[in-house]
Amino acid sequence: MAQRPSEEPRDVVVVTGAGGMGTAIARRLGSGRTLFLADASRGQLDRTVAALRAEGYAAHGVLTDISDRAAVEKLAQTAAGEGKVVAVAHTAGVSASIASARTILEVDLLGTVHVIDAFETVAGRGTALVAVSSMAGHYASLSPEEEAALATAPAEELLSLPVVTAVGDDSLRAYMVAKRANHVRVEAAALAWNLRGARINTVSPGVVSTAMSKAEAESPHGGHMLKMLDDCGAGRTGTPGEIADAVAFLTGPQAQFITGTDLLVDGGQAAWVRRHMRH
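Using our numbering, the letters of the sequence shown map in sequence onto residues 457 to 735.
Just so you know, these hints were derived from the structure itself, not from any lab.
A virtual CB, placed ideally from N, CA and C, is assigned to each residue, including glycine.
No false leads were slipped in.
Here are the in silico distance ranges between beta carbons for each label pair: (1) ALA526 / SER497: 16 to 22 Å; (2) ALA648 / ARG558: 24 to 30 Å; (3) PRO600 / ARG629: 15 to 21 Å.
Construct the entire structure; sequences and hints are all you get.
Set out below in structure tokens:
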């Protein structure tokens, strides 16, 4: 009988967010790897981990509120303790239709910075992080000075920046600023990640068919967003699988020279807004 080789630690994949997009990415990246799934909802997390385990994935759930820096640091250390972290897909977030401006800033803006900072400390040669932002970040009209502040301010100072406090109670504005901050934060982080032999990028989905996008579609501006999909020629929403494919590309060997940038996956909607929409 052939002898089994000694067990070596598997490569590790971390996915924040156990919703439709996070689950699709976990399935796409998790085969043959140790998979850590993080979410702030215990029920959602347990259901998703159970489903993945039933499908043969070596999945583990870690209850994590990404707005809590210590919790994210613990997640990073836990994952790194199980093997080499080869991919991090950060999908956890809230939307403008269901969350207050304050929550959006704490989760989508500050939480993303926590993920970038915490996983930088455990990143090594070949590690790739992809933060899922949004095409909404491409609609934010910020000055170079405001973007520079969002890109480089220490995490503890972010929520007190004038560009952040100026959003007030406007959830949609908070969402656009947070998602643009994701873009510029990743641009600024690329140097430190490069020096570790690692890469970092964002993906900006358009309207994708998830539970969160369903809530968006039913919000006051949802009909406008869906009409824009027809007007731009896409004629449909995206699928979680298409976002998972984009993340797989950016974390895979074909993208080893791609870092510090954003990939729009929106069916051409942002391009239509810029070049064809009558303002």
